[in-house]
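**Q** Starting from the two chains in their separate frames, assemble the complex, guided by the hints.
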Amino acid sequence: MPNRSFFWFFFPAGLAMILFIGLPIISTGIQSFYAQHDQILIEVKKCDPFGCKTSVVVDQEATSKIKEEKPLGKFNGFGTYIDRNHLASDQVSEFWSESKSLGEFIGKVGNLPFYKALVFTLTYCVIVTPCVLLLGFIIALSLNAISRRIRGPLIFGTILPMIVTPLVGSLVLFWMIDAEGIIGANLQILMDDPYLSVKSSKALTWITIIIYGVWHHSPFAFVVFYAALQTVPQEPLEASIIDGASRFQRVKHIVLPHIYPVVTFVALISLMDNFRVFEPIIGFSAEGSAQSLSWLIYDNLVNEEVILFGSAAATSIMTIVGISIILTPVLLRTWKEFRTNR
Amino acid sequence: MKKILVTLLFLLFGTVANADCNIKSGSINILANDFPALRTLVETAKECKGSADFKVTHSAEHNKIAVPALTANPSEFSVRVAANSSIVPLMNADLIRPMNDLVKKYGKGIQESQLITIDGKVMAVAFMANTQHLYVRTDVLKENGIAIPKTYEEVVAAAEKIRAAGKMKYPYAAAYKAGWNLAEEFVNMYIGHGGEFFKDGGAQPNINNAKGVATLNMLKKLADLSNPDYLTHDSEAIKVEWESGNVAIMTLWASRSGTLLDDEGDAKITAATKLVAPATVGGGNIPAATLWWDGFTLAKNRSDADAEASFRAMAHAASSKEMVAKAADQAVWLVEGFVPGPKSVGVIEAVKMGAKPYPMLPQMGLMHGALGSEIVEFLQGNESAEQALKDVEAAYITKAKEQGFL
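Those sequence lines, one after another, are chains A and B. Residue numbers 1 to 342, in my numbering, belong to the letters of the first sequence in order. Residue numbers 1001 to 1406, in my numbering, belong to the letters of the second sequence in order.
Read the hints as simulated data drawn from the structure, not as lab findings. Where is the CB? At the ideal position from N, CA and C, for every residue including glycine. Some clues are possibly wrong.
What follows is a list of derived Cβ distance ranges for each label pair [what the hints assert, rightly or not]:
| hint | chain 1 | residue 1 | chain 2 | residue 2 | range |
| --- | --- | --- | --- | --- | --- |
| 1 | B | 1024 | A | 74 | 44 to 54 angstroms |
| 2 | B | 1061 | A | 261 | 36 to 46 angstroms |
| 3 | B | 1220 | A | 211 | 39 to 49 angstroms |
Bound-form chain B, shown alone (with noise of 0.2 angstroms):
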């Protein structure tokens, strides 16, 4: 009895210590979004946490957080799990540190392509990559001999002929919650079409013009074929939608698509849902999707021994070709060893068709604040766009001349 216990206390521990990366010291503290992968890399890290103290928050609420989290000296979290945008105001505050020497030192599994380097400088890791692209309901276009829409032209035309054929009500969803969801709805769509935000390479901004007009106009027009609750409906909600039946086709993130496609909720729904490319708009030829990673970011305000812990747990996670494999229905893991499944469709076709990755200014979160409150008249029917648009720069100037970018 007491050696089948002995082997059992050996075999639980010993397949943690396969995975021990022999941290001795230091404590790991992480800050990242939730969603499954997320949850899954961080499951791993601390597989490899050895002695060091583990402690992890997952809360939607991270963008809130991060800032004054990492001001604090010591920082309240060693790491941070970013994204393109998150980052931003981490590098504008000097709150994360390079860590070319880690990579160095640890980083023996991370591909070359994985590291976001400024100037030289490694600022994040990067593990996995996200988009939104369509989702299709291929039932109901089978049904109304729709085929599988390639530009947004095409979903306003497919939306009101299943409207119309007394289908469903509200057959277009997107996430065109005030705020955030919105703004970035604006800035795949005026990518899409081509646009920049600011002149040449300055903070002067640039939307009040014929594409801005043009994207709002396209908003508008997905809008009407939306749920009349648009204006507070997030990525979550949608998804309520979609698994309700509601919806045929559906923008969305492709990291939500684990969630979706579980087997909770209607089975038939579940089969009928199919994922494809992002759609192009106004003739253009990249997709109106904008492309992200998430990656971890280390603090500066912690201490040197902290900052090593944290990226070899880190590291470990990013690395790991076992995680990938297991998880590969649960996000486009960038690391070494990953094999696309279905589900990564979307993201691999934006990235085939030269879809654009989310600016990384230093000015952009004040144009995406401005854009999220400044266009909801125009799509309430209040405003013209081009007193939207107008409004939005205006707003914008106020802001980035208060912030020093003007």
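Chain A extracted, bound-state conformation (with noise of 0.2 angstroms):
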């Protein structure tokens, strides 16, 4: 395609990006130097159904002033980023001298909310990334091999997960693993432990997350993988058979390679949506025992009843920064390859 017509092709499309994502990032990655001014408080008579009683209130007469002034509010450069709610860099080298070995030190600064949001984020992500890959490319192979006559409905029930709005799908396993729920009071039998409680326990709670992920996104890598298969040339394939080579060695030597820029998308893409992990955290009520930085954004913004714009812009940008970061690898990679193509 010519360069003038790419151009006009891409044109609404890049306009409708810099609008709706480009300039939106600008104005977070803004505020997120900001934060609120000082504020002034006086103290008043305030009086309601059970007593009056002297205390304080935010003068609004003089704080109005101030924010006509300077609207943004006071500017506070990275000062949110480094503090406890985030890099935390003063208590994490506080940690680090005080810490008698580096058990202690991990310990402690796991404790802090953005640490203990991002180890999360990342388990995640490494393991939920890979099942998926794994387990979507052999539903796709099993598909691929069985009669005709049964594909289409056996392709739909696969696909069913993706289909139920996440928050419903996390809801109906909340209810399963509920003590009094079919697999929580099964596990309760089990393990001869009527206190045990799925939902309680942190590491419980990390693994019906981390299952109900790759429940959730392996049909997506699924349709992807099946789509890819249908292009396998047939040709190599039997030639493979006459010379007698495994199923192994011809998914090995012959799909895989065939398939592999198909991996790496949908590789990208399952990086990028498992970073910003959230919906399972709401669905399941996980809050106490996992957080993730998506989560932290969403608590700054609607969780306090006064909203921590400055927080959550911070958080936001370094969540993107985290996501840069990750995918550096496959794209470089990406980038590599399309250089020796050329």
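**A** Take a look at the structure:
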């Protein structure tokens, strides 16, 4: 395609991306460098149905004047990024100097909200992504091998987890693992521990969310792989059968190399999706045991009665940076291949 | 035939016309939480809308919508039904208007005690009171020879006895869901221990002390007597536990009693359910509970005409003797003419025992938020009480600095 027609072809999408993705990210970035103005508090008499007492409120007259002068707030630089609820540079160096062993240091750092969320997010990402790729590939291979007559309904059944709304899907599992649900109650009997609770145990909650993640994302990998399998040329496969190659050898030496670009694509998308894990935490009410970076942003924006825009913006920017770091190796590799192919 | 029809129509519209407050213009749009008493109130306000536009949004997510919706100019809602805690962010951001002149002009039936005044300015008009108090199963207590508990120490002893008798595995329940609910239980228990959240009137936190540790230890003891999934249980979930007969003693909102004691569910459990006073703790004499009011506020970023129409409709409801007589079971109304019934026991006892209202301070929301996430690990047994309280203070200080309180 000539560059000129490509430009006009891409222009509407590009414009929408700049307007609805680019600009908001820039504004989020700017926001993250600002904190609220110092609150001006005054003592007043407050009365309610239960009596009167003197206490403080925000002085609106004084505050509105400052706000008019500087509507963005107080410039804070990287202050929000390095405070305790984010990178916590002061705390980390303090822990480093006072900890006697590496284990103690890691334990203390892991107790800070940002690192706690980061650990869960990365664990989720690192476990779910390969499982999704593997499971999706196995399902695609098996479905590709069975009789065409029953393939249709089976494919539909396989992509069901993707059709079910994430929140509904997680709620179904949530009720099953309840202390009185089918899985929860049976686990109690099986382990002979009437106080066993999947929901209150951190490890079990993590496992549940990860299993849910694999269940929910595999159909996507399956659909893409299945489509790619249809393009695998038949001649080399037949030739290899004649040469006496086993099924495993055929998959390894012919099918996989052929669909390799698609695997990269699915890996990229899965990594990005998994790094932003959010719905299952809400669906499983797992805030107590598992927090992700996206959940931290949500918490800052809605769970507090006071909205922490600066905090949320800083976490958002760090999430974007995190995704870029994770994607770098895959992108570099793709770029190298692109260069050699030319 | 025509005559009958005309008479019927007249009767139908006649009753509405009776309640009409003669509002000629303006538009009314209400944002409120979703429980029966508030629905009744809004319905009553609707009776007198006259020719004004009338819209309402009942949502359990009201806290998340309120600030953004009222910040817009003109604001999406003209009325926000708020409580002691949720009015604070509205006042912090200067989103609600004083209504002294409207009270003077149209607030005939409203009692002085219903007015929430800040520095003499009427910022809200309260119509109901609420608190968390104990619910007990009289049949289970009687069978085990236990008196109705008055302190949380007695609650623990009673629950242990019921468990030891093999009656119930998890005899106690309270809304310990991580986040807002859990923090609210801490606030109650800490106030019951006589604690203060901030150092002498300032915004410096003051919870990492002996009272804070005692509070956490009591919460842990109670949690151990609850369903192991307690960290995911909100008020609705423990209500279900109660209705399934799994629980003998429970701490729950007074406003939830209406649906708990309705005709649905096991009649035997409903009959044996008794609402009693909130418990004290640690030898203190004030209850480990906070008093709450629900009231209406008017959006600032809305035209005066809308504010006037809204106030007149809401004031009609907030002073309606008819409504409080009809819906006496749904809430503890602060409206004149309310005759307290058996479901009001909790709130009335709490007031008598000198319970404190939930602290209406500009920085309290940040403390509440920090509590909700940082004490979880202590309850899970992964952290000491001192460490958890230290974490709460550190998380609070960081947020308070960002918000300019420190």
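**Q** For each hint, tell me whether it holds in the structure or not.
**A** Evaluation of the provided hints:
1. At roughly 47 angstroms, the beta-carbon separation of residue 1024(B) and residue 74(A) lies within the given 44 to 54 angstroms, and the hint holds.
2. The hint said 36 to 46 angstroms for the Cβ distance between residue 1061(B) and residue 261(A), and at roughly 43 angstroms that hint holds.
3. Under the hint 39 to 49 angstroms, the C-beta atoms of residue 1220(B) and residue 211(A), about 30 angstroms apart, miss the expected range.
Hint 3 from the earlier list is the only one contradicted by this structure; the remaining hints agree with it.
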